[in-house]
Amino acid sequence: MTTNDPGLYIHVPFCRGKCPYCDFYSFRADAVFKARYTETIIKNIIKEQTQKGLTFRTVYFGGGTPSQLGAQNLCRVLDAISKRPDAEVTVECNPSDLCEEWSQAELNALVSHGANRISMGMQSVVEQERKALGRRAGEQQVRQAVAMVKAAGVTDFSLDVMLGIPFQTPATVRQSVAFCAESGATHLSAYLLKIEQGTPFEKVEKTLNLPDEDACCELYLTACEEAEQNGFYQYEISNFAKPGHASRHNLIYWNDEEYIGIGPAAHSFYGGKRYYNTADAEHPQTVEDGEGGGFEEYAMLRLRLTEGLTERGTKERFGFALPAALRTAAKPFAERGLLVCDESGVRLNPKGFLVSNAIIAALLADAED
Amino acid sequence: MSIPKENIRNFCIIAHIDHGKSTLADRLLELTDSVAKRDMTAQLLDDMELERERGITIKAHAVKLDYHAQDGQDYVFNLIDTPGHVDFNYEVSRSLAACEGALLIVDASQGVEAQTLANTYLALDHDLELVPVINKIDLPAAEPDRAAAEVEDVIGLDCSDAPRVSAKTGLNVEQVLERIVRDIPAPKADENLPLRALIFDSIYDSYRGVIVYVRVMDGRIKAGDTMRMMATGAQFTVVEVGYMRATSLEPAAELTAGEVGYITASIKTVGDARVGDTVTTAENPASEALPGYRKVNPMVFCGIYPADGADYESLREALAKLQLNDASLSFEPETSGALGFGFRCGFLGLLHLEIIQERLEREYDLDLVTTVPSVVYKIKLTDGSIVEIDNPTNYPDPATIASCEEPMTNAHIYAPSDYVGAIMDLCQERRGVFKDMSYITTDRVDIHYELPLNEIIYDFFDSLKSRTRGYASFDYELSEYQPSKLVKLDVLLNGEMIDALSFIIHADKAYGRARKIAEKLKDNIPRQMFEIPIQLAVGGKVIARETVKAMRKDVLAKCYGGDITRKKKLLEKQKEGKKRMRQFGTVEVPQEAFMAVLKLDDDK
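If you're matching them up, the sequences are chains A and B in order. Reminder that position 93 of the first sequence reads as 93 in this note's numbering, one-by-one numbering, no gaps. Reminder that position 596 of the second sequence reads as 596 in this note's numbering, one-by-one numbering, no gaps.
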């Protein structure tokens, strides 16, 4: 048992309805299908952990909507997982599911089977914005779901806020962030809405009255600022946490560490190889996806963290110092106040995060030559 | 069986673009059984892919046809196809000089057009017998009587018994053959004089070297003779002579006065067999060359650069190959701070430029960036010397310039009289000086303007077409240099001059164009990490300015289920994108931005 124990991601591809902005793999399913799906997952988890001799450091049920699998199925899966006693075990839950379909007892059972972290998609606390996103729950339901989570004894829970959505203003962003703080959440994710190909939003993009580029940037910077003021420190482009409550599972991704993905459309990184399952719930195929863990990949991921790409971390992992070309390439961005480049490493700030794709490409393009 | 001189007919076909010249040529080939039906592809004479696509003839071609006439005798027809565009006027004139007559094709639905007239005048200059042919009588819009009347009125050619044909369907085309026999004179030729053969075309063949197409005026030539080019002085031993058949070359024992044929002599480049030159023999040289030879000089210049610097050598090879077949194309290496290594290329005109550019891209699969085309300016310096400038980069310091001159053209535009206003507006915008206007018929006019060549090379055709809904036709000839108020317009991005975007322009037009370029650049340069000022300047003075705002958002917010590959792919794409950008100091400019500036007037 070492700090190198991998994380476990379990994909639950079920949703009660499809959100108009979402391009993730999910669909409606009946109880029989869900039970069969649970069996398959359990079989695969056991196979993975036996074959590879694994004990997981973190467990994350993502989706889709894991709460759609139901408490009983989730508990059975949890029982099958070989995990460290201190493992972080997160289950994504839809607030409406908790209020309308789950009993308090069921949630309590989930916790007693090992879940110790709940992540809920709130997106916005403002009614008009929630409606524009096609979310079912109202503010009241979110409050109720939070109450259930607390009553189940979960102290570690996260709320999602979406940025750059119709009708949003800096004032309403502050409102949503403040709501998270008041609710007692220890973690906050704030994602900029991206119009994905093939989604209903893509077809009607022009009519959505989305905030323009400059407005989106203001919304993002407002969210970062308001989160900070409410005691959530930013640790990644879209993630904020009370001290000590950063998601350990998410950090596995950003630290370029290993994880096993179970279920359709889940990705894995193990033994230096990346691979994924196809988006097919009944017969997912495993597809190789190349090598992982090289310096470029590591740098790309680490630069998403506020901690940045450090000399120490690079030295420990690769045995060399940050390439001089990368530091040279960082200079013009430092001059424009988008990142800090000092003896300890290179790290972006919120303004830099907004253009992080371009910065990372520039830093790594020049580092390669 | 040899055909007597009296039964030879050397002729060409002249017509405005699209009036059916090549289609008629095809029918003549068919009717004389020169080509098996199954070998016919539409427009056999236009054998370059590009020619067929554009429906124009770029290079002249010739073919020998056998015709058994109604009078029971056998005739030899030498049909010389001519390029149909003003850029190639000199080549046209040499083709005409090889003939005794010409078929003048007029589209029954369109009547006399600019090039009909321009080519008619050229043909008359060469004392050719003209046979009018009214074509496309199958079209619903055909008005053969009106077209015939126009030919009679405008050209003064009797059309009372002009064949009225449809080259497309073949209707009445046999009448044309009989008219050739009847109306076009046989060549006057003396086989006993020293050889004089006019080169009217030459093509490069990778096996035989240059194949020289000639019309023998006097004397005779056969394999083994030592041929001498009278203008260039080059000498070669003749390997083979013969006739051009529709689908192959047919070797012959000799070519004699009055005949049209080919000569091969292991000639390495078409530059050694220039169109218009006279071939004689070293053994028995003629004392005087045939009249009319001149070396054609490029009129329009531009820089051609490979989009990817690694393609420089391929570009050089491609240009060299094209030049083998096209002596009027010139190129020399050039270096641009903005575009790297490329070539300064000279062309006969804008169409010639476009054709070469397209052939480079299509046949040689090159991705190119071209600079704004320029004409040749004559600039008198304060020290009294005169420099000729075809490249804005070499434009002298304004303080040392005493005066400038630019080349002018005599331009004729033929159009329905409804469009006179629109055409005059356009010519006025293009700094034209109105000369005169005459009515060809009651509702068609010939508008004569003096226009600066540098105004014509910027999309003049396109503007004319769009303003007259395609009804106007246009032709021009170079006239003389005239004093002009010229300035060099520079583009600065983030304070740095982009040499490849500089050009020379009339002072009065600098402001308008500068504003347009600034706007175009603003629209085409993607937002970058910092604000980019775009400035357009004349002699250090900024006359237009725009700003590309700094990019603010470019972020992949969410990572789904540990899908790192998606991010890696995005990173690769962005890095690749950076490579397609041209780096100017700290500014990255995509090629599309260059293109947009060069095609400035496309979407006004």
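Any given hint could be a false lead.
Listed below are the simulated BS3-like cross-link pairs for lysine-lysine, each with C-alpha atoms no more than 25 Å apart in a straight line [as the list claims (entries may be wrong)]:
1) A:K273 to B:K567
2) A:K331 to B:K465
3) B:K568 to A:K194
4) A:K273 to A:K150
5) B:K485 to A:K273
6) A:K203 to A:K131
7) B:K378 to A:K351
8) A:K18 to B:K558
9) A:K150 to A:K315
10) A:K206 to B:K549
Derived from the structure by calculation, the hints contain no laboratory data.
Is the Cα-Cα distance between K206 of chain A and K549 of chain B 25 Å or less?
22 Å, holds
Keeping to a limit of 25 Å between CA atoms, is the pair of K485 of chain B and K273 of chain A held or broken?
Roughly 68 Å separates the two Cα atoms, so the pair is violated.
When you check the alpha-carbon spacing of K568 of chain B and K194 of chain A, does it fall within 25 Å?
18 Å, holds
Is the hinted pair K150 of chain A and K315 of chain A satisfied, with a Cα-Cα distance of at most 25 Å?
Cα-Cα ~42 Å, so violated.
K378 of chain B and K351 of chain A: Cα distance at most 25 Å?
Distance ~54 Å between K378 of chain B and K351 of chain A Cα, so the pair is violated.
Given the hint that K273 of chain A pairs with K150 of chain A, does the C-alpha gap stay at or below 25 Å?
39 Å, violated
Does K331 of chain A pair with K465 of chain B here, judged by a C-alpha cut-off of 25 Å?
53 Å, violated
Could you grab the alpha-carbon distance between K273 of chain A and K567 of chain B and see if it respects the 25 Å cut-off?
16 Å, holds
Can the restraint linking K203 of chain A and K131 of chain A be considered satisfied, given a maximum Cα separation of 25 Å?
18 Å, holds
Just to be careful, I want the Cα atoms of K18 of chain A and K558 of chain B compared with a cutoff of 25 Å; is the pair within it?
18 Å, holds
Hint compliance for this structure: hints 2, 4, 5, 7 and 9 are broken, all remaining hints hold.
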